[in-house]
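Heads up: the sequence lines are chains A and B, in that order.
Under the working numbering, the first residue of the first sequence is numbered 1, with each subsequent residue one higher.
Under the working numbering, the first residue of the second sequence is numbered 1, with each subsequent residue one higher.
Take these hints with a grain of salt, some might be off.
Below 27 Å or equal to it, Euclidean Cα-Cα: the simulated DSSO-like pairs (lysine-lysine) are [stated by the list, open to error]:
1) A:K144 x B:K67
2) A:K144 x B:K4
3) A:K136 x B:K147
4) B:K147 x A:K137
5) B:K5 x A:K137
Some chain A residues well away from chain B (every beta-carbon gap over 10 Å; in silico) [claimed, not checked]:
6) N2
7) K3
8) P6
9) I12
10) E49
11) L51
12) L54
13) I56
14) W58
15) D74
16) G98
Which residues of chain A face chain B? A partial, calculated answer using Cβ under 7 Å [to be verified]:
17) I29
18) H42
19) I43
20) P45
21) G47
22) G114
No wet-lab data here; the hints were simulated from the structure.
By construction, the Cβ of each residue, glycine as well, lies at the ideal position given by its N, Cα and C atoms.
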Amino acid sequence: MNKLYPWILLLIRFLLGVIFIYASLDKIIDPGEFARAIGNYHIIPFGLENLIALVIPWLELFIGIGLISGIMVDGASAISGGLMAIFILLILQATLRGFNIECGCGLKEGEMVGWSKILENIIFLGASFLVWSRSKKLFEIFPKSSL
Amino acid sequence: MDTKKQIIIYLGFSIFCGIASNGIESSPIPWINQPIELVSNKEDLISLFVDPQIREIDLEMAKSLHKTGLLFVDARAEEYLTNGIIPGAIGNNDVGLLSEKIEFLIGFDKGFVVYCSDDDCGSSEELAYELQEIGFMNILVFKGGWKSWTEAGFEIETHE
């Protein structure tokens with residue numbers, strides 16, 4: 001099991017990367033729609049949802065590429081965990097306030113906020129933490145790992 | 001390289017790409033979202049909903065509105081329509097029948113475009129005013145009409 005563990009973590013890293021890249025694409029193509037989805041949470045002040053909608057999808061794309069290709073994996077997994085924590089809090093407050101809104105997560109059209117979405121993001125948060133806290137580095141090109 | 005530096009690099013690239021990609025977009029979103037304006041003057045509010053509008057548009061605007069699926073109405077006499085129309089456009093010599101068709105398709109409140117043969121034809125404006133009198137609220141007159149559309153090489157629809 002101990003020998004397999006780093007390879008399982010590598011698989012998790014790849015999957016996380018694929019999920020982030022996939023989730024980013026629609027948002028990059030249509031940041032306006034993503035901004036409206038963020039606005040529906042009614043928590044972002046000063047009209048900042050537009051700026052957030054412009055930056056977050058690219059961040060997701062870059063960390064997705066970083067996780068898959070092994071570029072700055074520590075930073076990518078830390079950002080991944082941070083994003084997941086923020087998403088969990090956003091969806092949690094919307095769920096508790098009884099909002100029946102689309103989550104704007106970018107994975108599936110028409111996904112609504114709710115406990116299942118929170119659970120899904122907790123799993124991704126856990127995955128990000130496992131990748132970030134890995135002891136053995138595999139297939140990382142910058143900073144370069146031994147294998 | 002420590003994690004903090006890596007995070008800063010990722011953030012820097014993302015901010016740059018997010019802002020740059022929005023800058024080269026044909027319809028960029030503002031960096032800061034503007035809230036929907038509060039109407040405090042009752043007169044403004046009434047005119048917003050009550051006053052019918054006729055506006056003029058150019059070829060470029062006509063093309064982009066056509067792409068969105070907006071209804072086009074051909075004001076030329078029916079005998080000209082066999083040579084071709086802007087795709088999806090409707091036309092009829094009888095304004096009564098034409099207005100019934102427009103009402104059936106989009107109702108009175110939704111906007112539509114009226115055009116005729118060229119810059120000087122005038123029949124699109126006449127039809128626009130007639131349709132406005134019937135009760136249509138938002139009419140756009142496509143200046144340049146059929147001539148500028150075909151000269152630009154845009155798609156047309158022909159019926160035998």
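Hint check results:
no., hint, verdict
1, A:K144 x B:K67, "50 Å, violated"
2, A:K144 x B:K4, "17 Å, holds"
3, A:K136 x B:K147, "70 Å, violated"
4, B:K147 x A:K137, "67 Å, violated"
5, B:K5 x A:K137, "19 Å, holds"
6, N2, "25 Å, holds"
7, K3, "27 Å, holds"
8, P6, "19 Å, holds"
9, I12, "18 Å, holds"
10, E49, "5 Å, violated"
11, L51, "5 Å, violated"
12, L54, "4 Å, violated"
13, I56, "8 Å, violated"
14, W58, "4 Å, violated"
15, D74, "4 Å, violated"
16, G98, "23 Å, holds"
17, I29, "10 Å, violated"
18, H42, "12 Å, violated"
19, I43, "13 Å, violated"
20, P45, "11 Å, violated"
21, G47, "4 Å, holds"
22, G114, "25 Å, violated"
The structure fails to meet hints 1, 3, 4, 10, 11, 12, 13, 14, 15, 17, 18, 19, 20, 22 from the earlier list, while all remaining hints are met.
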